[in-house]
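Participant: Sequence lines, in order, name chains A and B. The first sequence begins at 1 in full-length UniProt numbering and counts up by one. The second sequence begins at 1 in full-length UniProt numbering and counts up by one.
Simulated from the structure, these hints should not be mistaken for lab results. Honestly, I wouldn't trust all of these hints.
[Said to hold, decoys possible] Below, simulated EDC-like cross-link-like pairs (lysine to aspartate or glutamate); rule was C-alpha separation at most 16 Å, straight line:
1. K56/B with E43/B
2. K337/B with D201/B
3. K266/B with E356/A
4. K231/B with D298/A
5. K168/B with D201/B
6. K248/A with D298/A
7. K266/B with D348/B
8. K177/A with D201/A
9. K231/A with E356/B
10. K168/B with E43/B
11. K266/A with E70/B
12. K177/B with D282/B
What follows is each chain in one-letter form.
2 protein chains.
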Amino acid sequence: MRGVSSRLGRLAAAAVLSLGTMGAVAASPALALDGLVEKKVFEMPSYTTTGGGTIKNVRIGWESYGKLNEAKDNVILVAHFFSGTSHAAGKYKADDAAPGYWDSIVGPGKPLDTDKYFIISSDTLVNLSAKDPTVVTTGPASINPDTGKPYGMSFPVVTIRDFVNVQKALLDSLGIKSLQAVMGGSMGSLQALEWAASYPDMVKRVVAVIGGPEADPFLIGWLNLWAAPIKVDPNWNNGDYYGKAEPKAGLTEALKVVTLHARHWKWADAAFGRKWAEEGKDPRAAMNNQFAIEAWLDKAAAARAAVSDANHFLYLVKASQTFVTGNGNSLEDGLAKIKVPVLLIPSDDDLVFPPERAMRPLKERLEKQGVAVEYTDSITSTLGHLDGVANIAKAGDTITKFLAR
Amino acid sequence: MRGVSSRLGRLAAAAVLSLGTMGAVAASPALALDGLVEKKVFEMPSYTTTGGGTIKNVRIGWESYGKLNEAKDNVILVAHFFSGTSHAAGKYKADDAAPGYWDSIVGPGKPLDTDKYFIISSDTLVNLSAKDPTVVTTGPASINPDTGKPYGMSFPVVTIRDFVNVQKALLDSLGIKSLQAVMGGSMGSLQALEWAASYPDMVKRVVAVIGGPEADPFLIGWLNLWAAPIKVDPNWNNGDYYGKAEPKAGLTEALKVVTLHARHWKWADAAFGRKWAEEGKDPRAAMNNQFAIEAWLDKAAAARAAVSDANHFLYLVKASQTFVTGNGNSLEDGLAKIKVPVLLIPSDDDLVFPPERAMRPLKERLEKQGVAVEYTDSITSTLGHLDGVANIAKAGDTITKFLAR
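Chain A on its own, in the form it takes in the complex (with noise of 0.2 Å):
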């Protein structure tokens, strides 16, 4: 392990501000962390897939908050969304724009309180920005060391589940053998449940935010969109385009399918309304004329792209598909593993995960199988399935009451 935060750039505050202020998101943290946040690196020299794979030199980014007590028995983890990285709370500079995407839940009195909790938080595999200096991950875009070039779709498939046991083998360093809680958003949720089903005995608690207990047909489906405009980009070249032109063009498309999605009319409606890009050039006038929205969605998903990897957006897109609690074929059996407190937190509007199919039907077969789980609506605001990023702290006395139990 070895601190990386001499490396952390402007791009990182950039990465963090397009998901903060350009989509009217906001933090405003009461209480701010305790000093800076450093990153720091977790190596393995070799990790073997839940598919037989094998990957030789493991690299794995995190960070943490608070302070682990004597008996290690303090921790929280938290796992980070799609696009998201382990940067869940602080800065890393004084005059980083914006901290953590879940700050307004992290530091002193607040309710992953610092006081009480170490929290934890690692970059997964394959994370989508391979290029954020703030961000160390292992996937496509990392040199194979059996032949000194970047993995590209030689990189052995991933499922969440090895997002879970790289992170087990991270709390091993650390010698940390439970947890108070997994927490997790979207993404993030699906490793909560997970670590919940794999290592029953470590984890006290889960909490699962904008997701669900397996990836839908429906959202199968449209993982499958997500990715398509990087695979119609002639430059993805199937995956070999490390030192070449890269497929950036269909990189940005694909994220400005997941940015939308990821949102709600709602939010459109505040944000934007039927605005012209620019005043003066009708929409109706020309066929290259935008309306804001569009101008707004080609900008945001640029700035991602540019800090961005295609294969790992693809390797991504892999892992969620696939995603089912346990990583059998049964869900059923998969949820038979979960047998500790649960506390659900979807967003009302979420497009990605809507309740209705996900978490509500997930409360009644945790329930129906003597769980127990509370469940709480109450970040629902204007943004869709981002809500869970950006109201979590609208939940925040249900998640202190929740840790507290």
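Starting from the known structure of chain A, arrange chain B on it as the hints suggest.
Facilitator: For chain B alone, coordinates are given in the frame of chain A:
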């Protein structure tokens, strides 16, 4: 005008079939239309668009069901959806695999009773299915008489109002001066509302199905994403691909987005579940192993792409994005022109025009200005937006009564 039914090929049946059976959609007409349907062609030497562009030699296909009475006052105009055509009912040949898309409500004794009404439907300008031999349309793929070459992106921008104006010219040519109703689904509903705002003295009733009074900002964003894969495909070449390799990959992906967006998770659950595309090929085992829904999307979209034109797709997106009833800049002003009774038929699960955003507020606005509005969501089933095509017969009685009022 001349008949083109001799040109009708198997493609049309295939296209209807792809909608009719692959998506678990079925229409079971109780009574068939008398005789076969014939495609006719309406021609205009020149049409000036609302934006001031000129289109010479406009040719638009149309068909009709029932008989025009002597007073020419028993007419119902049916306008089609984004990927639809004028083939609303009946068959071209006795052995066609499926009839027109709304056959379940068009025929003797049905809500659009051909014993009573003369029902007419026409292909729009820039109709998507430019390569379907049953479709006659004028758009970017047409030859510009001034250059002898296809227009490509030099074709003028067209709006929903332009579609309406060309329909008006068609009706003028037949001596039709009043309409018992204008009815349409999705993009057809936009035309129906536009008719009532543009020619208020000619239209007696409006039946708007799975649509809204404008493209809302979120839908404007989605329509941008529908189009995006075409522009990423280098074969698109800024619209200049005629006689060269066409942007087939991009067009196919674009049609995949439309196909999925127009449906719902209830459909995906029922039709596919988490089934794999091929037995023994676990999607976790290889990046190219697919789920069944992915393989179906690929196949359904490829079938549609075979009869579609990519530039026409882009022009239809533009016409849809720019729609606001009345074709001005104020929805309020546009709706104020509507005085006649309106029947609104949303699907509760519509992701393209969510009723909460589209038809619910439309109902309130129209009622506020004194319009007699009826509203029924009885078509809602499991198909989302597409319920408006597949399950329209569930609103049959409501339509019958509305047309009689």
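Participant: If any of the earlier hints don't hold here, list their numbers in rising order.
Facilitator: Violated: hints 9, 11 and 12.
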